[in-house]
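Chemist: Sequence:
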Amino acid sequence: MFSQPYQPEVIEKKWQKIWDEQHAFTAKDDYSKPKFYGLIEFPYPSGAGLHVGHPRSNTAIDIIARKRRMEGYNVLYPIGWDAFGLPTENYAIKNRIAPAKVTRDNVDRFRRQLKRIGFSFDYSREVNTTDPSYYRWTQWIFLKLYEHGLAYKAEMPINWCTSCKVGLANEEVVNGVCERCGSEVIRKVKNQWMLRITKYAQKLLDGLDTVDFIERVKTQQRNWIGRSEGAEVNFPIKGSERKLRVFTTRPDTLFGATYMVVSPEHPLIEEMADHISNLSALREYRAQAARKSDFERTELATGKTGVAIEGITALNPITGKEIPIWVSDYVLMSYGTGAIMAVPGHDERDWEFAKTFGLPIVEVVAGGDVEKAAYSDIAEGTLVNSGFLNGLGVDQAKKTMIDYLEKEGIGERKVNYKLRDWVFSRQRYWGEPIPIIHCPHCGPVPLKESDLPLLLPEVEHYEMSDSGESPLALMEDWVNVPCPVCGAPAKRETDTMPQWAGSSWYFLRYCDPHNDRELASQEALDYWMPVDWYNGGMEHTTLHLLYSRFWHLFLHDIGVVKAPEPYQKRTSHGMILGENGEKMSKSRGNVINPDDMIDEIGADAFRTYEMFMGAFDQPIPWSTNGARGCRRFLDRVWRLQEMVDSEAKGLSKDLEISVNSTIRKVSEDFERMKFNTAIAAMMTLVNEFYQKGSVTGEELKALLLLLSPVAPHICEEMWELQGFGEPLYKQPWPGYDENKLVADEVEIALQINGKVRGKLMVPSTLSREEGEKILIDHPAVAAGIAGKTVVKLVFVPGRLLNLVVK
RNA sequence: GCCGAAGUGGUGGAAUGGCAGACGCGACGGACUCAAAAUCCGUUGGUAGCAAUACCGUGCGGGUUCAAGUCCCGCCUUCGGCACCA
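Numbering (the working numbering), first residue to last: -6 to 799.
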């Protein structure tokens, strides 16, 4: 009689050691086998340690990776550390410890925590973005981007904390105030490194049609890129050669353009300063707009402000009518041309502005009432008051107008994107140094590839300087170098790269992580890429996921990688909330620590609960009782060993169907990430074993194989205790018998007019005719149809018989 | 305002247009125990009924269908993201 207790704390350590010693999960460099590359977002090793969100993603792909190995694939399931970044630097400043040391400690703790959960990572391929042998290649990619004109320096407004006197990353600005000191954040123009991601806007959009990403990821990226089609049109300025160029998506409404608006920073104002009579008012307005914080700007988004430019007017190029030019901060310098033609009849913002300042509103699309509201319906409206466009629908009018503009040389077709270039500078210490030297004679000079990596020097203080420059600026020995071209005294770039740099290509490094000649060998990249399945958080959709696609598209264009897109499939998990249904956070006091949970119920039960708690793609509150329920389930699985019938061969007759259909359901559900229903199916099977009171060796084998990707330690241990042979991780994934999925007899519902009147066991091969007879004869049905006429009979084999009567 | 996701028992959630509530949590009852814990067995949407059973029930209002949680039209609410993008 089997009586050993289930002790996860013992067997989990035991099997982790065995897997480790046997290199069970090491990806092979055998490029002849079919491969599977599963990826999760590599963690940022924060001081707080692992939280319960990490294991949700990791376990999901771990299940897939373990299943793929059993299916015979050569599997790459790597792990690494995205270790540059602000929290580490801030912690280092506060506690006076070197960031490199903080990172080392945090990585060690994270690795220990992850190992405890039993993920089948290939730890021999670990990468760390702060390792010079890694960031050497991050810098190399930067040089390539620079060489191809995709990295440039520009005056860009950044977030500026008025109290700390430092530039802040967007992530550090919370509700318009500084995350650290709580004071106001304004826009300040600084010289910044930029990456020309906008050049890839169309490719980033087109690529989405070629990959298997969940729809909401595609939609969010499409919205973020924000493609819009229209035209750029030149408006002459009266009595001048200067033209004012605008972008519009509604060229059809050109006849209704009654004024123009330029953004406060528009160059027109200074260029035509001589002709403008209220220059000081305009400059004052511009200064005011600059002083506004982002927060204020959105707060004020309801009301419109503006100043008319006095002294110059524009001409509507179609009607020839003279129209005023205004300045307003609702027009952004960073989109389109920084100037618009205002059509108040058919644009809500223009309408509001016109009403505020008493500007004329002309209806050019009939269908609404332009005195009451802007009419912007493009599907219904018909053009009026528009000369040669009259009577046309909006779509047709757009085409006709653009053709006309191009023929007359007034304007041309144009596509615009909301996507902005990527601000790539941080005035921070803990990031990759940008490998550029600024020479007073030669301008920016890139380092030679052979001089990489450009090491991050050790400094005394990690605080930003008073001028808002990186701490590197104070390192005179490091900063002052001769120009590599002319030898004149020059200075190194002191900004560092943002955290997104290292994570934009880490999946390539995993393919060949120890290569010191190239970022990865061609063969390794050809074999492993693209990533077959990438799971991660929705919060990265328009950041990391977009940035890394951009880098990969670029690396494809310069011949480093074969395929344009890095990820074949992208899925996303729902966030785990606290027990009270709120987001987990220290301040709310509802954080669940995975270590505590594992101490109580073991890693296998923890993994099982992470997958069982609910639909994988939905946000879901944590329930410690629910997690304990999963431990109970594993206890029941363990105790199956007390009821093994060692005499019985194969599957017992009455469980054949259950076992086969469970194998099918679990196999299919794992692929669809329906882990909760897969586990439910296994619970049901275990309940059936208990009903029967015994289990055969074959039945137990099937269960252990199915359960092993979810709860690998207990399954390995039971496999060994039962003497089933070679370790479980080396076993093939179970198949099922198509002929053993349906019972000979099935229960069907008997319905009258769609209402259930009875249930009946019938042979599963029952024909429509036989069914009809049975139905009519059934007492419950006979009573229901007495005195009525049968109109129709609906027969769904194996499901129901429905009689329609009148 | 725009985009997206979602509203089902006390609770987390199941359900290719085909018997709503699988599986788990909680609760209740029973067995074992001196007792408790653990474990095992059972009950658990609502109303009425001793019962068989009947009626009602998937955010709200309509519709399509023999049949709707599921499809269509019109709303309401919650959550997430974006937000003056011309």
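Hints may contain errors.
Said to hold, decoys possible - Computed list of lysine-lysine pairs in BS3-like fashion (alpha-carbon distance at most 30 angstroms, straight line):
id : residue 1 : residue 2
1  : K658      : K733
2  : K137      : K236
3  : K94       : K108
4  : K555      : K192
Please keep in mind that the hints were generated in silico from the structure rather than gathered at the bench.
Chemist: Now look at each hint and say whether the structure bears it out.
Modeler: Against the structure, the hints:
no.	hint	in the structure
1	K658 to K733	holds, 13 angstroms
2	K137 to K236	violated, 38 angstroms
3	K94 to K108	holds, 21 angstroms
4	K555 to K192	holds, 20 angstroms
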